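Protein sequences appear in the order of chains A and B. The opening residue of the first sequence carries number 231 in my numbering; numbering runs sequentially from there. The opening residue of the second sequence carries number 392 in my numbering; numbering runs sequentially from there.
The set of hints was computed from the structure by calculation and includes no laboratory data. One or more hints might be untrue.
[Said to hold, decoys possible] Residues of chain A clear of chain B, computed beta-carbon distances all greater than 12 Å:
id, residue
1, Ser254
2, Arg256
3, Gln294
4, Glu376
5, Gln390
[To be verified] Across the chosen pairs, the derived CB separations fall in these ranges:
id, chain 1, residue 1, chain 2, residue 2, range
6, B, Gln742, A, Thr250, 49 to 59 Å
7, B, Leu691, A, Ile260, 20 to 30 Å
8, B, Gly511, A, Thr250, 16 to 26 Å
9, B, Pro587, A, Val346, 54 to 64 Å
10, B, Leu604, A, Ser305, 29 to 39 Å
These numbers were taken from a predicted model, which means no experiment stands behind them. Quick reminder that beta carbons are idealized off the backbone N, C-alpha and C, glycines included.
Each chain, written out:
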Amino acid sequence: MKRIVTAIVHNRSGVLNRVTGLLSKRQFNIESISVGRTETEGVSKMTFVVEVEDERKLEQLTKQLNKQIDVLKVSDITDKAIVARELAMVKVISNPQIRSEIQGIIEPFRATVIDVSRESMTVQVTGNSDKVDALIDLLRPYGIKELARTGLTAFTRGHQPQVAEIKSYSLLK
Amino acid sequence: MKAEAAQKVKTAPRTGADLLVDSLIEQGVDTLFGYPGGAVLPIYDAIYRAEGSFDHVLPRHEQGAIHAAEGYARVSGRPGVVIGTSGPGATNLITGIADAMMDSLPVVIFTGQVAKGVIGTDAFQESDVMGITTPITKHNYQVQQIEELPRVVKEAFHIATTGRPGPVVVDIPKDISSKVHEKDVESTFHLPGYQPTVHPNPLQINKLHDALLQAKKPVILAGAGIIHSKGSEDLQNFAKNYSIPVVTTLLGLGSFPGSDELSLGMGGMHGTYSANRALYECDLLINIGARFDDRLTGNLEHFAPNAKVAHVDIDPAEIGKNVPTTIPIVSDAKAALEALNKRDAAKLDHQEWLDKTNKNKVEYPLWHDDYEDQISPQWLMKKVHAYTQGKSIVTTDVGQHQMWAAQYYSFHQPNKWVTSGGLGTMGFGFPAAIGAQLASPEASVISIVGDGGFQMTMQELSLLQERKIPVKVVIVNNQALGMVRQWQEKFYEERYSHSLAQSQPDFVKLAESYEIPGYKIETKEDLERVLPDVLNNDQPAVIDCRVMQMENVYPMIAPGKGLHEMIGVTR
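Put together the whole structure using the sequences plus the hints.
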């Protein structure tokens, strides 16, 4: 099962290596990982999307992460009400004739064109991973020259609905 | 004397190395196991200036230093302290660091590093100590600024010795240890990401107490956590109050007296029938400070299949890792036992269950063959036990001799058993014995080693010679890599690939070349004549004891099999 796990960490050199080393040592598959600074000086946040077999493995994952001295807090937010976004840049082969066609495709995704050259254009899209996947699938037939994704970053919404309602808000289940 | 030495340091030029030495003195370090080299020259200069502050032990290989520090930590409960230089000095320590990690031993390791300016340039004797040691340490540091050195040292000792103990590496670039620093340095620390839970949640203790009141067939699994937390007496009270039989793990030996009527001995791959049977049949399994290692559980599908599992561990990640747990209790073992001992244990009657476990104990004891003309290794262990009244500190490597020592040297007290359990390191036992002896100079220390393992670290005989350390080395010499050979016999149709008939040095001459008395023992009479004498004097000794080569360790659970599938239970 796919889970979104966040970790608040001390922003010290080597902390990314500690965390990813730990995950690979314990045989966890990281689908994506994104890291950046937070509102607090010296504290960073990591967001992982991981594929785990079952609840027990998931428990191990969070416990092992928690054991790290530089890790301050670990949360599995998959089942919470969350906002989750990732950014992708897609360089699509396109001549002037089909540019407007591509424009039409990306518009419903609220994606933007951030670069144009004679043979290609670069599209930037932001959203949850499913949305990004869907746009990439639509653009693939035109020929994708280059693709870069940031990986998912996420946190919980300001208001958490009651337990019974939660499932419908989940992105990945 | 310590205070005077500290005074002396303060008048000399104050380098990073001096700050380090001051910090070690402040931590109450009395023994350093270290080996000098280029990148630690400033540190060794500071040690020279602080002479008399601590005993510096120079092994003949860095691996000897770290195993000695592990032995020191195991018997004293105080952290072992190691210094090594950069590059090969650090990499030679790796086996011992991994060993200390697996067996949760508090060790603080200081490694020299090339100067900050050349880190990352493949400089002479540079190695990526942080990268190499991250997966095998509880935590590690590379000191980036001289101002942080005293705080890092404090943190390192704090992390190594609290919670679940473990090794901590501090990597110190040479420019930092040699830099002069005049200002006073702040060393207070706060670790928001490291707050071990020491006291059990009372609600969880209630749950365990309720389960105890209902259980018909409870059993205690006693691990090394009890020894780390100094909870042996509490365990004895708990087992007696609630009349529950006790199985110990390999590393938990000594946490409960082996001779007690409630003791079922060691469980696991080469455990006793009564211990494994109790683990298999119980309806409540109370694991206190053990980590359900695969050598203990065997095939997990058949491990305690009908039991409710309660697990007391200071490391929450161990709970539920291998065995699903109904009653998790995150706590120091002693604190949890104290809480349990305060509850009412009256009305508990497990007589039927105790009768059964006792019957197993009586009907299926450990057994071994005896030979007219040769020494059986099990007989040797019994003799060592008899001549020392079970009071010695015993250290071992890994393999057959380790299992025989565990089976036949019945331990009555904690902190007497020093063995490489998790990592299973050959060459561990002898240097660990040196560390153990230095930690407790009055104790009798016996290093029971195999002929294979001894040859991996025997250069440390130099230390016995140099310091007259009265460690007695008993080589269980079967001229084979016994456990490898046993597995080849059992599982590879007797194809003894590279496990037999290597050439050996003459161990007696070897010992004599270090001016240590050496004895070659080939008969029972020899042993009975030599061993009591050797044990009764305060000299080191090397005893090359030739034993039956093809002897196997029994009983046994073959790999992949369950606790109920023991072989070799009876002759």
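Now the hints, each set against the structure:
1. Its closest Cβ contact with chain B, about 9 Å, brings Ser254 of chain A to no more than 12 Å, contrary to its assignment away from the interface.
2. In this structure Arg256 of chain A is not separated from chain B by more than 12 Å, as the shortest Cβ-Cβ distance comes to only about 10 Å.
3. Non-interface call for Gln294 of chain A relative to chain B: violated, since the shortest CB-CB distance, roughly 5 Å, does not exceed 12 Å.
4. Against chain B, the non-interface label of Glu376 of chain A holds: every CB pair exceeds 12 Å, the least being about 30 Å.
5. For Gln390 of chain A, the non-interface assignment is confirmed: its Cβ lies about 24 Å from the closest Cβ of chain B, beyond the 12 Å cut-off.
6. Checked against the hint of 49 to 59 Å, the pair Gln742 of chain B and Thr250 of chain A passes, with Cβ atoms roughly 55 Å apart.
7. Hint check: Leu691 of chain B to Ile260 of chain A, Cβ distance near 26 Å, so the stated range 20 to 30 Å holds.
8. For the pair Gly511 of chain B and Thr250 of chain A, the beta carbons lie near 19 Å from each other, so the given range of 16 to 26 Å is met.
9. The hinted window of 54 to 64 Å between Pro587 of chain B and Val346 of chain A holds, with their beta carbons roughly 57 Å apart.
10. At roughly 37 Å, the beta carbons of Leu604 of chain B and Ser305 of chain A sit within the given window of 29 to 39 Å.
Hint compliance for this structure: hints 1, 2, 3 are not met, and every other hint is.
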